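Peer 1: So the chains spell out like this:
Number of protein chains: 2
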Amino acid sequence: MSLFAKHQPILERAVKALHERTFFAQYPEHPSPKIYGEEADKNGREWFQQMVGQQFAELQQADSAGWVGAEVSPYLQEPLNITYPTVTPDEYLVNAARAFDSWRKVAPGERAGLLIESLERLRERFFEIAYATMHTTGQGYMMAFQASGPHAADRALEAIAMGYEELTRFPQSAVWTKPMGKYEITLRKEWRAVPRGTGLVIGCSTFPTWNTVPGLYAGLVTGNPVVVKPHPGAVLPIAIVVAEIQKVLQENDLDPLTVQLAVDTPDKLITKELAEDKRVKLIDYTGSSEFGNYLEGLSGKIVFTEKTGVNSVIIDSTDEVDKMVANLAFSITLYSGQMCTAPQNIFIPAEGIDTPDGKVSFDEIAAKFVEQINGLVDNPKAGPFVLGAVQNPATCERVAASEKLPGKLLLAARSIENPMFKNARLTTPVLLAIEADKVDVFARELFGPIAFLIKTSGTEESVRLASQLAAEHGAITCAAYTTNADTKDYIADQLALAGTPVAFNFKTGIYVNQHAGFSDFHVTGGNPAGNASFTNPEYVIRRFFWVGTREPVTG
Amino acid sequence: MSLFAKHQPILERAVKALHERTFFAQYPEHPSPKIYGEEADKNGREWFQQMVGQQFAELQQADSAGWVGAEVSPYLQEPLNITYPTVTPDEYLVNAARAFDSWRKVAPGERAGLLIESLERLRERFFEIAYATMHTTGQGYMMAFQASGPHAADRALEAIAMGYEELTRFPQSAVWTKPMGKYEITLRKEWRAVPRGTGLVIGCSTFPTWNTVPGLYAGLVTGNPVVVKPHPGAVLPIAIVVAEIQKVLQENDLDPLTVQLAVDTPDKLITKELAEDKRVKLIDYTGSSEFGNYLEGLSGKIVFTEKTGVNSVIIDSTDEVDKMVANLAFSITLYSGQMCTAPQNIFIPAEGIDTPDGKVSFDEIAAKFVEQINGLVDNPKAGPFVLGAVQNPATCERVAASEKLPGKLLLAARSIENPMFKNARLTTPVLLAIEADKVDVFARELFGPIAFLIKTSGTEESVRLASQLAAEHGAITCAAYTTNADTKDYIADQLALAGTPVAFNFKTGIYVNQHAGFSDFHVTGGNPAGNASFTNPEYVIRRFFWVGTREPVTG
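Read top to bottom, the protein sequences are chains A and B.
In terms of my numbering, the first sequence is residues 1 to 555.
In terms of my numbering, the second sequence is residues 1 to 555.
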């Protein structure tokens, strides 16, 4: 049985889910022993522990340029000393070009089957990936499991499904008969979806699989070989993914170098050399706006980016002020604000907001924020696990410096202790109150757990500022609280024009940070935060083009 | 009855045709009195004749910057002295921004209905458009009718249909329920397709409606206001289109300035001022590679281009050598080689080609080309009508200069007479024989009736050169002749990689120049000839983006 036939039920469910956009998950998000096996967690942890200091030997790649690696655990603040085999940038691209010629000829359904097979294999390694993610990104255990495992696999499946649908959208052939009055002309036509060529997928340090697999699988399913250039600080999670795809390819007599991992180190980065090479036709990137803009400016490439943004919260009114603040406090604290979806700018009318108990003033809301964030951070059963650790020391420096920004410091960063990792790199959120006219201060992404309560003249100014910042500086999320239907419509309309999805009145059990596969488009392409929308049709169709042939039917 | 309901049958047929890609035409291509009315041709001609020297008063536009116009008839070589109302570039964009706010809120189906209504109105004006096209582009009567009338309207309908399909591809709302073990979370989600904003559609001088209406209607159907900046030499045909759309908008209480015609003159071009303005979000362009590359380099815009290319013919073998040559002779001569689909470089093995009667030598094929082109040009019932007239005097100069290019001049340009237009700007084709190693000579578009017979070492070199020129310099068509199935597969594969559709073994009644709406993708996006593929999904989906909202369902 072909892998297409084997996985057709999954593929069909996924394509259906894309269109229904109701809840769908192929891979369960809970790290439950009942689902994943009694030993899975323990085995994953032990696998990671034995990897430390070792060569990652699973890749079917040469090592002509040596074994390198520079990962540091944010929990241990010690190098992992895991190394990966490397070749020169030119060799990666030569290998990719060779693999292209066979991979492009594999039928779309078979490609989808092979790629789904790799996800099914990954499922068996979700706990290994989880520990690898914790100790490279600093994510808490639960996030590391969910984001890098099932959520990433679902996003990959979504890209496969969207790609498969687009690749099979037009007929492979048709007979075209044109009536010409006394006679007719009959042509046989054929169409093929031609992949563009080698793709380069550039990973980030905080979500090494979740932000990488959509571009990786979108590139592969549409017939392109892919070189994955991970962030030097977060290699191991995606190395497992690449290794599993390579194994599936090899088992099926395909060139394993259809996908390659191109590891580099901070002292010798290879990203620009790869990106600027004419042989690279597609680029996927997650990271800073500065580097993203540089990539977007390269000519002759199709570039998909997720860059930085400034996410807003618009507070107009609410029926449950404490639950609202608790929800936002969690969103600010979660993974120490290192999510691209984390809120930063919280717009609150100077006159306060309407609630069932009357007006609640700006200062009262501010006090509730301080209380809720402290309560969460200081809860030993929640704080350390929600905060996780800080991936990059520069983030801690930014957090410390933010205390000196204009405005009123409501909450300073504190040092707390993670009971399991005494040496973890930690910070708690900084919260400032600031006037709306100090827009220069908050009109940029301050990556990390830094939030502003911004005093506006009213909801109209809040909406105007949130829209303007999104349109000018990018935004990936917006949370809004209002009990007024007209205000809700107005917020939705204005933020839509600024390319920003809005989460209304999130209170319990669901957070603005979370974008669900098969339902929420992550990044809209409508503002400077990027154009890599997981997964809208554009995200796959620009990776190939349609070409036809025509020939008269004779006889 | 809404216009959506009225035109839903047409829309549904068009969407179906997009997917079947068999023959479909909503608008009959033959200028038959039985179809279009006994008086239609006469009325169209008379309408055009009375327009000469007049103001085009049908546009619902202000004239604060005066009435301008600089069209010259290639058949009369006299100015038409038709003028159009103009405002400043800033005013066009202010008007467009105002219209945007209402147009974006019109439902996709209603937008499609309004736009199809405008096409149905245009149908009544196909003969007016035909004469307007003849006397601005130099096209022969039949081409002017077909290309600017029914073929253009079908391409517009194709864009509407593709846009409508994409806009309605995802649900407007869904209830998303996530099981959480002991409880569940239910969100109501809504999605909207948000148009990007003002579009600028820049026309060309040779196909003023056919190359303009796809971008115009694709922009409008996806909710964007459009400013049409026609080539100053070919305004009247598209002015009729814009006027008809404006009338439909006004009759339906919508802002007629949702579409505007922005006429300029060669001494005061406004294209760059419009294109560089931040308010312009979308650009469609047909014309030179130089200007197209400049537009593609503007940041913050979505740009669709059809630029120049170098179209090849690969002759490997044929069962009917005379019919093959006759077919190509027609393609070279048609509209004096001023089609973007016209062949230029004809690759022929030095050792000749296989036919049922044995080898036919390079020189014999060359002699047949000379004979067939002369026969066509000198046939008084065909020559002048097939050739049409030359739009731009520079083309005549290029044709004359081409006789001095390296290689052997097989056929020089001659002056012939058009019996109906004694003063027409005419030239006949130039044909040169050249060695394959003189690639610098033929590796660029020589716009006009200029063709090379290129002597190669064999079909492999022919294919290699055709592919390489397409990949490096762009190509919109390729014709190939072979009786060998393996060779055919090889040509199709190699040219597909170079983003070039191939017409195999065209002999009678069908020409490589012709791309059929609803079936042939015109321009693939796979080579430097441009990315404006009529009409693939990318051509519409990049004109809007998806944005969602989420809210917990309570109670």
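Note that these hints are calculated values from the structure, not bench results.
This one's a predicted model, so the numbers in the text were calculated from it and none came from an experiment.
Some hints here could point you the wrong way.
All copies of an identical chain are treated as equivalent in the list; a pair is satisfied when it fits inside any one copy or across any two copies.
Stated by the list, open to error - With a Cα cut of at most 30 Å, we get these calculated DSS-like pairs of lysine-lysine:
1. LYS278 / LYS268
2. LYS381 / LYS247
3. LYS16 / LYS178
4. LYS247 / LYS404
5. LYS507 / LYS278
6. LYS408 / LYS6
7. LYS301 / LYS281
8. LYS368 / LYS34
9. LYS16 / LYS105
10. LYS281 / LYS488
11. LYS359 / LYS408
Peer 1: Each hint needs a verdict: does it hold in this structure or not?
Peer 2: Against the structure, the hints come out as follows:
Taking the shortest Cα distances, LYS278 and LYS268 sit within 30 Å of each other inside one copy (21 Å), while across copies they are farther apart (38 Å). For the identical chains of this complex, LYS381 and LYS247 are neighbours neither inside a copy (40 Å) nor across copies (68 Å), given an alpha-carbon limit of 30 Å. Taking the shortest alpha-carbon separations for LYS16 and LYS178, only the inter-copy value of 17 Å comes in at or below 30 Å, while the best intra-copy value is 36 Å. For the homomeric pair LYS247 and LYS404, neither the shortest alpha-carbon distance inside one copy (52 Å) nor that between copies (60 Å) is at most 30 Å.
When the C-alpha separation of LYS507 and LYS278 is checked against a cutoff of 30 Å, the pair qualifies neither within a copy, at 49 Å, nor between copies, at 39 Å. Taking the shortest alpha-carbon separations for LYS408 and LYS6, neither the intra-copy value of 60 Å nor the inter-copy value of 61 Å comes in at or below 30 Å. Within a single copy, LYS301 and LYS281 get their C-alpha atoms as close as 5 Å, and across copies as close as 20 Å, so both meet the 30 Å cut-off. When the C-alpha separation of LYS368 and LYS34 is checked against a cutoff of 30 Å, the pair qualifies neither within a copy, at 39 Å, nor between copies, at 79 Å.
Taking CA atoms no more than 30 Å apart as the test, LYS16 paired with LYS105 passes in both settings, with 26 Å inside one copy and 28 Å between copies. In this assembly of identical chains, the alpha carbons of LYS281 and LYS488 lie at most 30 Å apart only when taken from different copies (27 Å versus 42 Å within one copy). Taking the shortest alpha-carbon separations for LYS359 and LYS408, only the intra-copy value of 22 Å comes in at or below 30 Å, while the best inter-copy value is 90 Å.
In the structure shown, a violation is registered for the earlier hints numbered 2, 4, 5, 6, 8, in ascending order.
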